[in-house]
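S.K.: The lines below spell out each chain.
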Amino acid sequence: MNATLTLPELDLDPYSPENLIDPYPMHQAVREAGPVVRLKPYPSVLACSRHEQVHAVLNDHASFISSAGVGLSNFNREAPFRPRSLILEADPPQHTQMRAVLSRILSPKAVMQIRETFAAEAEALVDRCLALSQSQGQIDGIQDLAQPYPLKVFPDAVGLEDDGRENLLVYGDMVFNSMGPRNELLARSTERVGPVTAWIMAHCARENLRPGGFGDQIYQAADAGEITHEQAPMLVRSFLSAGVDTTINGLGNALFALAHHPAEYARLHADPSLSRPAFEEALRWESTAQTFFRTAGRDTELAGVPVPADTKVLCFLAGANRDPRKWPDPDRYDIGRRPSGHMAFGSGIHGCVGQAIARLEGEVVLAAIARRVKAIEVAGPHTRRLNNTLRALGTLPLRLVPA
Amino acid sequence: MPKIHVIRADGSTRDIEAGAGGSAMQALTAAGESGIVAECGGSAMCATCHVYVDQAWVERLPAPLSNELEMLECTASERRPTSRLSCQIKLGDELDGLVLHLPEAQQ
Chain A
1 MNATLTLPEL
11 DLDPYSPENL
21 IDPYPMHQAV
31 REAGPVVRLK
41 PYPSVLACSR
51 HEQVHAVLND
61 HASFISSAGV
71 GLSNFNREAP
81 FRPRSLILEA
91 DPPQHTQMRA
101 VLSRILSPKA
111 VMQIRETFAA
121 EAEALVDRCL
131 ALSQSQGQID
141 GIQDLAQPYP
151 LKVFPDAVGL
161 EDDGRENLLV
171 YGDMVFNSMG
181 PRNELLARST
191 ERVGPVTAWI
201 MAHCARENLR
211 PGGFGDQIYQ
221 AADAGEITHE
231 QAPMLVRSFL
241 SAGVDTTING
251 LGNALFALAH
261 HPAEYARLHA
271 DPSLSRPAFE
281 EALRWESTAQ
291 TFFRTAGRDT
301 ELAGVPVPAD
311 TKVLCFLAGA
321 NRDPRKWPDP
331 DRYDIGRRPS
341 GHMAFGSGIH
351 GCVGQAIARL
361 EGEVVLAAIA
371 RRVKAIEVAG
381 PHTRRLNNTL
391 RALGTLPLRL
401 VPA
Chain B
1 MPKIHVIRAD
11 GSTRDIEAGA
21 GGSAMQALTA
31 AGESGIVAEC
41 GGSAMCATCH
51 VYVDQAWVER
61 LPAPLSNELE
71 MLECTASERR
81 PTSRLSCQIK
91 LGDELDGLVL
101 HLPEAQQ
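Heads up: the protein sequence lines correspond to chains A and B, in order.
For the first sequence, my numbering puts the final residue at 403, and the numbers step up evenly by one.
For the second sequence, my numbering puts the final residue at 107, and the numbers step up evenly by one.
Simulated from the structure, these hints should not be mistaken for laboratory data.
Positions of the beta carbon are idealized from the N, C-alpha and C atoms, including for glycine.
Please note: incorrect hints may appear among the correct ones.
Stated by the list, open to error - DSSO-like mimics (lysine-lysine), calculated; alpha carbons at most 30 Å apart, straight line:
{"no.": "1", "chain 1": "B", "residue 1": "Lys3", "chain 2": "A", "residue 2": "Lys326"}
{"no.": "2", "chain 1": "B", "residue 1": "Lys3", "chain 2": "B", "residue 2": "Lys90"}
{"no.": "3", "chain 1": "A", "residue 1": "Lys326", "chain 2": "A", "residue 2": "Lys40"}
{"no.": "4", "chain 1": "A", "residue 1": "Lys109", "chain 2": "B", "residue 2": "Lys90"}
{"no.": "5", "chain 1": "A", "residue 1": "Lys109", "chain 2": "A", "residue 2": "Lys152"}
{"no.": "6", "chain 1": "A", "residue 1": "Lys152", "chain 2": "A", "residue 2": "Lys374"}
{"no.": "7", "chain 1": "B", "residue 1": "Lys90", "chain 2": "A", "residue 2": "Lys326"}
What the hints assert, rightly or not - Listed next, with one range per pair, are the computed distances between beta-carbon atoms:
{"no.": "8", "chain 1": "B", "residue 1": "His5", "chain 2": "A", "residue 2": "Pro41", "range": "30 to 38 Å"}
{"no.": "9", "chain 1": "B", "residue 1": "Asp15", "chain 2": "A", "residue 2": "Phe75", "range": "31 to 39 Å"}
{"no.": "10", "chain 1": "A", "residue 1": "Arg332", "chain 2": "B", "residue 2": "Lys3", "range": "41 to 49 Å"}
As the list claims (entries may be wrong) - Selected chain A positions facing chain B (in silico; Cβ < 10 Å):
{"no.": "11", "residue": "Pro108"}
{"no.": "12", "residue": "His342"}
{"no.": "13", "residue": "Ile349"}
{"no.": "14", "residue": "His350"}
{"no.": "15", "residue": "Ala356"}
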């Protein structure tokens, strides 16, 4: 007898254009069907969208492993498109060693050191956007604000040269598309990424990293014998894969949230110290990373459902973030909420190692806007940039009304 | 159901009923304790659920792991020998009556 046969099965494809454009009805359907469900287009996968199960999977790294990939593809059966990440696609004890180095370099204390620089850059950029909005009547919240900011401050902190940074966008798009199926989005990403991969790997080399930056600090950890010199460039690659596209969309989604909730923006304008919770709530409300997978490392169970070894488990982070079992009035964007425990950065030992920097970026950009801008108005329809994993905007026309 | 006795930086106190099995941070935030921020939600990534464990209880807790020790370098209020991240304190019945002092600031 196989108890898994009685699981609810939904005919939903998380990677169809409709569900990528508006994933929330799908998340709700999955949540309400049960704690663990099957999706017809991916019959071997188990999926969960309730906060309790997403949290449980991500916090049981012994049962639900990452080394078989954190996307749909199972690395035990299919070769990954690139050498696997030493931290994202790894399990303890290797993961523990790598994580210790990265989390020290990106710790809240280290982030305090760069705070002033990041705040000054945010203020200068918002000044330019405000001037642009006044001279041409509107700005593009993505091209003019959400994209240039992380593309400036984060590679600066890593120690990357100025030229060629747009390669980080192409590479990030590829990495996050690769966690979905082999669909058209992935095919298009793959076409574009060809020459970019060589650029990325060249920029993971020590001679291309400014002394003292985050990248160089990884090599210092190798000098100290904490990791090997062969591992160092691969850890720098993690900065270049996950450090830009994520925050760009985090900022873009926060601008989208505030533009569509003028009363919430008015609260923020009245009290700019709310910029940190306003960004945090945007992460909950519109999770940048929508999904991550784990793989059962042994026969286990989830909410009483048997999960045979080697089963892929799809966690809807964004679904957990709007689970009414966890959040009162979950579809409401409310900057007074304390959304501690949201899943936008994941959770457990693989929780985003750059989250302190991401929060800094969100906070200082929103604070700079809150102090200078009386209202953020929608100046036209937005477009979405579809990605298999990321919730991303293509364009976001906005009018910034000066304070 | 373990109980936690909380002593805030201003000297005020309260008792919190905690569900067994969760962390002290989860019990404190579920009770709406404003002296705990817990920005990262319990991954030992932010140092904003910092507490001082009462001297009488320090030895009764399992020692912190390396990731917690690393993060304790990042607390907003002074780090003391009794400093812990409350997200890493797993509550069981043996911790019934645990006394936690809250620091002045978390951020």
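S.K.: Now tell me if each hint is right for this structure.
M.R.: Comparing the hints with the structure gives:
Under the criterion of a C-alpha separation no larger than 30 Å, the hint pairing Lys3 of chain B with Lys326 of chain A is consistent with the structure, at around 23 Å. A distance of roughly 13 Å separates the Cα atoms of Lys3 of chain B and Lys90 of chain B; the hinted pair therefore holds under the 30 Å criterion. A hinted pair counts as satisfied when its Cα atoms are at most 30 Å apart, and Lys326 of chain A with Lys40 of chain A qualifies at roughly 27 Å. A C-alpha spacing of about 25 Å is found between Lys109 of chain A and Lys90 of chain B, which places the hinted pair at or below 30 Å, so the restraint holds.
At roughly 21 Å between alpha-carbon atoms, Lys109 of chain A and Lys152 of chain A fall within 30 Å of each other, so this suggested pair holds. Annotation: proposed proximity of Lys152 of chain A to Lys374 of chain A holds, straight-line Cα distance about 26 Å (limit 30 Å). At roughly 20 Å between alpha-carbon atoms, Lys90 of chain B and Lys326 of chain A fall within 30 Å of each other, so this suggested pair holds. Against the hinted window of 30 to 38 Å, the Cβ-Cβ separation of His5 of chain B and Pro41 of chain A comes to about 53 Å, which falls outside the hint.
Judged by the Cβ atoms, the range 31 to 39 Å given for Asp15 of chain B and Phe75 of chain A is violated: they are separated by roughly 49 Å. Checking the proposed 41 to 49 Å range against Arg332 of chain A and Lys3 of chain B shows it is violated: the Cβ atoms sit about 34 Å from each other. Because the beta carbon of Pro108 of chain A sits about 4 Å from the nearest beta carbon in chain B, less than 10 Å, this interface hint is met. Given the 10 Å rule on beta carbons, the hint for His342 of chain A holds: about 7 Å separates it from the nearest Cβ of chain B.
Of the supplied interface hints, the one on Ile349 of chain A holds, with its beta-carbon coming within about 8 Å of a beta-carbon of chain B, less than 10 Å. Annotation: interface hint on His350 of chain A holds; nearest CB of chain B at approximately 9 Å, less than 10 Å. Checking Ala356 of chain A against chain B: minimum C-beta separation of about 7 Å stays under 10 Å; hint holds.
Going through the hint list in order, the structure does not satisfy hints 8, 9, 10.
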